[in-house]
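First to last, the protein sequences are chains A and B.
Just so you know, the numbering used here puts 219 at position 219 of the first sequence, and the rest follows in order with no gaps.
Just so you know, the numbering used here puts 143 at position 143 of the second sequence, and the rest follows in order with no gaps.
Heads up, some of the hints might be wrong.
Quick look at which bits of chain A chain B covers, simulated, 3 or more residues with Cβ under 8 Å [as the list claims (entries may be wrong)]:
{"no.": "1", "segment": "147-158"}
{"no.": "2", "segment": "183-191"}
{"no.": "3", "segment": "227-234"}
Treat the hints as calculated values from the structure; they're not laboratory data.
Small disclaimer: the values here were computed from a predicted structure and weren't measured.
Think of the CB as a built atom: it goes at the ideal place given N, C-alpha and C, for glycine as much as any other residue.
Take a look at the letters that make up each chain.
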Amino acid sequence: MTDERHHWRNVVLLWLLATVIMLPIVVFVIGPGLPPGNGTVESHGQVVDNTVLLATATPVALAVLVYFAYALWAFREREPGAVLDGPAIRGNASVQFWWLMITTTMVLFLAAYGTIRLLADGSGGGQGPNPIATPASAATDPPLQVQVIAQQWQFTYRFPGYGGVETREIELPANTLVEFHVTSLDVIHSFWAYELGVKADANPGEDNIAYVTTRGPLAFHVRCAELCGLWHGYMFNGGSVVSKTDFASWIAQQQRLYAPATKAGRAAAPYSKTYFPTPLRRGG
Amino acid sequence: MSVNAKRLVGVAVCTAAVVAAIGLYIGLYLLRVPGSVAAIGTAAGSQLNLATVAAADQSDPHNTWVSYYAVDANSAKWRHDTTFVVAANTLVHVTIYQYDTSTGLRNPFLSQPTGTVGPLLIDGKPTAVVDPTSPAHTFAIPQLGVSIPLDGVSSTAKNTCSQAPCSLSQAHHTVSFTFRTPGKGLYRWQCFVPCGAGFIEGNGGPMQTVGYMGGFIKVV
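Only chain B is shown next, with the shape it has when bound in the complex (with noise of 0.2 Å):
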């Protein structure tokens, strides 16, 4: 073989390589879908439970984060999932155990819930407005007008729990509330209190990644 045609080669093998290289990348970007976790039927609608924490669990890699989880019915397990997919045109009762102290609201017109059917309670109590200083998240599909306010923990709660899993013994408000749902669509939520703590006006890392302040409402 001529040193030519070896060089030849020498370029196409190299060329098949990082042909080969990039659409292994790209396929795996393409097939990598974030987990979802179903909301529970029930005979009034369906149930979905979540968490808000402080810090992601140990062996996330980004385990500072604040971040919420879809967690089960007595909280004992727990999911690092932010896609929720719920049934059409449906009640849908969301129940949410906040662990995280407050931040507060940058806007004070989110203190007010909106977009519910019924009210919202916070430890059982129905809540027209809260105070635009104690929430530590809000849970909110603008799409659908759905807008929740979370209490913070006191910062001298005993007992708070700083990174995911918590246990209900530990310091937490519980928030109930109920939506319908549209009809079949992918619809974003978000929290809108600048949580992102250690970022620039705390919106950084968190609240501009999916997967820990944001997500999808998967209408199905």
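Chain A on its own, in the form it takes in the complex (with noise of 0.2 Å):
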């Protein structure tokens, strides 16, 4: 065996090793760890698809490493003196085809799992008026629908099917399909529940729908993820998944709290997927 293949030999089986040891760590201790948690569904599959391109990337990283440690070790000057060049590299065919095979196969599988992944709920993205990747259970069981409304510097929740209640907060029932109307009544913003595993900007004039289905009970952050100005780094609030029953009575005490909102808001703009904003009311 040349010098040559055996570094070749002690390297691909010190990567092999390495990545033994690491891929059930990432997969079964790191993974399910990972953002955003499993709290819906969704967040659930982002939790999957970020422990694949972990488990993924791990081979990649681990040969990278394992290839400056060994170069390290094996090359290192072992007597002083002086430091001369290697011999030339020329080309090698063998390593160029298995490079462009490899690369090329990792690439495509997660182009084709991330495409796969998207088209089968959204993944808790926005996906503009017409979403394409609709949830199963949309067919069967009609979803929550619920209105984002972003303004400089705060989101309010409107719930069209009650009466067009307006709340500064928001709970949302568990183990129920959400669709989000996400929209903006100036700038634009970006709705990012972050526990919910849901993100979709909010634009003047779009109404940008978003699914999520939730589990059991969640306390979860929601946070502009646009930078909006001003007050951007204080547009934030807060909200909770809870169970139907716990849902029915929240938003009955939402009902009586902000009925006279309700109705002047009713009186003064019909309810509206978007918004545009009336840019001079008085030259401002």
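Assembling the complex is the task here: the two chains are given apart, and the hints tell you how they should meet.
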């Protein structure tokens, strides 16, 4: 065996050993703890996706690290003296072939995987006004519609199915498919409900639809994820997923609490899925 | 001294001057603290008197911008500060003298006052909701759920005040409400009416600059 083949064999064996050790750790130990958690069907899907990405990247990263560490050890300067260049590297058809094959396969696999996952249910992302990745359960069970209205600098939530009541906080019933209609009254914002696994841009004049299927009780954070002006950093609030009974009680309470605003709002501006800022009420 | 030594000294002096200038700039920036106004302590809590006006006073660098002011109880003395210092876990009684004309709410939901202890009084009258087209401004502390619509002065009103300071004899609405402060902390407040006249969608200028239509509630 030539010296070069000997080094290759060592590197490959070390890489295989590291991969065999690290992959189960990545998939079974690190993976389940990856963001954004398992609070909803969509967020769980994102945890799975992140695990797949990490598991795919692990052998690649290990190859680089093992090669680097091996080179440091095997090709270290053993005797002080003049540092000489190694032999010139010539073309190696075999290495080039496998390099292209492996990287192409990985890229195509990730592209196909991502596309399939995205088309399954939208993965919690905004899909515009005509979503193509509607969760299957929407056909049999009408989703709960929630309009997310962004304004500099707060989110409010309108429930068209409950008399159009608008609220400052958001509660959602457990084990329910929710259809978010995300829009903005002024500039571009982004509705990012982290633990729900939902992120959708809020654009004026646009009805950006995103789906989420809730599971059990969950507290979640909502942040604006689009730099939107002076108080962008303060544009956050929280929400929770509660039992269906608690949700019914909460929404009834909100309807009573905000009855005057709901009535005034209905009179001033009928329910709409999109809004355009009124640019000139007094030249401003 | 050789030419090279002279060059070296010149470069060192210039570098030191630039570093000192940058340091001075950063230092002055860090030391610059916006002014604040403390609520007046009373037996029933603390009292905060504010005013909103269509344009800041003549001496202000942005004297065409709409702005909030802190004023004393008889509205005679105006201070252009928008950090309001209040005590923790107490009732804060707020009176706002609103001199500006209507712009209207972009979101009618904000026509209902929320987060108050007791009713919202507009010119002494309890108000559950206002016409969404009538507010000139709002006073809102989103983190505390406080949102108060401030009715605008009629555009046909006589003796209006278009620039700070204004007097109580000029056309205005007196808006009063009370809210309870939480524990110590810094909370932002803002106006939700797009009232930045002359800016795109009304959201520029005074809406994007602390000290005009937004500031802080410093709970101590």
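Right, here's what the structure says about each hint:
| no. | hint | result |
| --- | --- | --- |
| 1 | 147-158 | holds (count 7) |
| 2 | 183-191 | holds (count 3) |
| 3 | 227-234 | holds (count 4) |
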